[in-house]
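Chemist: So the sequences go chain by chain: F and L. Residue numbering for the first sequence follows my numbering, starting at 19 and increasing by one per position. Residue numbering for the second sequence follows my numbering, starting at 19 and increasing by one per position.
Keep in mind that the hints are not guaranteed to be accurate.
Chain copies aren't distinguished; within one or between two, either way the pair holds.
[To be verified] Listed next, the in silico DSS-like pairs over lysine-lysine satisfying Cα-Cα at most 30 Å (straight line):
hint, residue 1, residue 2
1, LYS70, LYS221
2, LYS224, LYS151
3, LYS230, LYS70
4, LYS137, LYS205
5, LYS137, LYS124
6, LYS89, LYS54
7, LYS229, LYS205
8, LYS205, LYS221
9, LYS137, LYS89
10, LYS229, LYS70
11, LYS230, LYS54
12, LYS45, LYS137
13, LYS124, LYS45
Derived by calculation from the structure, the hints in this document are not laboratory data.
One letter stands for each residue in the lines below.
There are 2 protein chains.
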Amino acid sequence: MTSNTIFFDFVCPYAWRGLELAQVLRKAGEQQFTLKHFSLVQGNHPDNAGQKEPVWWLTDQPGDAGERFQKSSLLAFLAAVAAARQGEEASWEFSLALFRAVHEDKKSLDEDAVMAAAKAANLDLDGFAADRKDEDALRASLRSDLAESAEIGVFGTPTFVLPGGEAAYYRFENLTRDLETARQWWKLYGEVLHSGAGIATIKRAKNRPAKKA
Amino acid sequence: MTSNTIFFDFVCPYAWRGLELAQVLRKAGEQQFTLKHFSLVQGNHPDNAGQKEPVWWLTDQPGDAGERFQKSSLLAFLAAVAAARQGEEASWEFSLALFRAVHEDKKSLDEDAVMAAAKAANLDLDGFAADRKDEDALRASLRSDLAESAEIGVFGTPTFVLPGGEAAYYRFENLTRDLETARQWWKLYGEVLHSGAGIATIKRAKNRPAKKA
Chain F
19 MTSNTIFFDF
29 VCPYAWRGLE
39 LAQVLRKAGE
49 QQFTLKHFSL
59 VQGNHPDNAG
69 QKEPVWWLTD
79 QPGDAGERFQ
89 KSSLLAFLAA
99 VAAARQGEEA
109 SWEFSLALFR
119 AVHEDKKSLD
129 EDAVMAAAKA
139 ANLDLDGFAA
149 DRKDEDALRA
159 SLRSDLAESA
169 EIGVFGTPTF
179 VLPGGEAAYY
189 RFENLTRDLE
199 TARQWWKLYG
209 EVLHSGAGIA
219 TIKRAKNRPA
229 KKA
Chain L
19 MTSNTIFFDF
29 VCPYAWRGLE
39 LAQVLRKAGE
49 QQFTLKHFSL
59 VQGNHPDNAG
69 QKEPVWWLTD
79 QPGDAGERFQ
89 KSSLLAFLAA
99 VAAARQGEEA
109 SWEFSLALFR
119 AVHEDKKSLD
129 EDAVMAAAKA
139 ANLDLDGFAA
149 DRKDEDALRA
159 SLRSDLAESA
169 EIGVFGTPTF
179 VLPGGEAAYY
189 RFENLTRDLE
199 TARQWWKLYG
209 EVLHSGAGIA
219 TIKRAKNRPA
229 KKA
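This is chain F alone, in the form it adopts within the complex:
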């Protein structure tokens, strides 16, 4: 089974729902997804507007620099890279716990949330603390994801990349943890990307938003 990729940013509620969808399919053994990071702060940074390749990188910034989303997303990305050193399941459990804390329980994306997610994911907390200190390596790993997302032209999250290389931003309003529902929503996404129409975009008119369940 060839893996899909999901690019996500912890600050984004759509990315949270995308990761929940992916987790349902993954747990059922129906799809594989590789977790990768895309930074909305970097993607939307004015210095990067119109550039072929980014000139402003989140990974070049000090941890205490910038506005709230910059600081919180860098903190979360580096923590997630550290968590991933404890294996694939740990990576998913940590990422989902952190997403849920922020977007379901409406907590701040900060050090407290990171530590609560580490506990919820049953990480080896001593190992996690030690890995988080290896910051150069964590930043290099994050940089690799950000460079790949720039190469693909990711602009929002979640963006799913299919095994055939098709890639698109998939923004939806509702949450599912139900397998049959997740299957349908995933199948529809694939049908749009594989349609002979060559669909580039389906996007609601501004004043006719999608319905929340």
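Using the hints, position chain L against chain F.
Modeler: Chain L in isolation, oriented as in the chain F frame:
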């Protein structure tokens, strides 16, 4: 059978393919579509950026003012409103003939193309000439379409509005005049808009464009 609406601009090749798709389904008696105009020049005008309602209207501009797309789209819209006075079939035949001249035969969107489309659509040419002189009324009709598109929040063409009020930009790369294919592409659009996921956007990553057939 309740009608769908298609908002389009003659300068847009995606709108052309959207109208061809609609025509196939309409001719087969499977769907109805009301033709309405949306102006990309107005929608993208800097004076309208961030405005709740447009302050710059194409219908307030002289016919010979502005850059190429402004002049040619106003010319085409007013001619299409005049053609529509000769009935629904005339309206479709004229609009499609003008679209094909510009986007299939790569002609300029100008007075020559308008007259060639009028002939191709078998319009009563004397009536057409007389109706085109009734410019205040033509502009008022165009203004009504532009106001409706602004109310819905249309931002690109084609935008289809379904009988239930769902509305989205549907951008695809390939042309079909085949009924079974048109059915599939239309069905998929409806499935996306009606999905319980509450899909707001599916949009390809910038460097992974949709495939042209």
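Chemist: Now tell me if each hint is right for this structure.
Modeler: Each hint, compared with the structure:
1. LYS70 with LYS221: both (25 Å within a copy, 19 Å between copies)
2. LYS224 with LYS151: neither (45 Å within a copy, 35 Å between copies)
3. LYS230 with LYS70: between (36 Å within a copy, 23 Å between copies)
4. LYS137 with LYS205: neither (34 Å within a copy, 46 Å between copies)
5. LYS137 with LYS124: within (18 Å within a copy, 63 Å between copies)
6. LYS89 with LYS54: within (19 Å within a copy, 47 Å between copies)
7. LYS229 with LYS205: Both ways: LYS229 and LYS205 sit 20 Å apart in one copy and 19 Å across, limit 30 Å.
8. LYS205 with LYS221: both (18 Å within a copy, 16 Å between copies)
9. LYS137 with LYS89: within (22 Å within a copy, 64 Å between copies)
10. LYS229 with LYS70: Only across copies: LYS229 and LYS70 sit 22 Å apart there, 36 Å inside one copy, limit 30 Å.
11. LYS230 with LYS54: Answer is both: 27 Å inside a copy and 28 Å across each meet the 30 Å cutoff.
12. LYS45 with LYS137: This pair counts as within: shortest intra-copy Cα distance 21 Å, inter-copy 62 Å.
13. LYS124 with LYS45: within (25 Å within a copy, 52 Å between copies)
Figure legend: structure checked against the earlier numbered hints; hints not met, in rising order: 2, 4.
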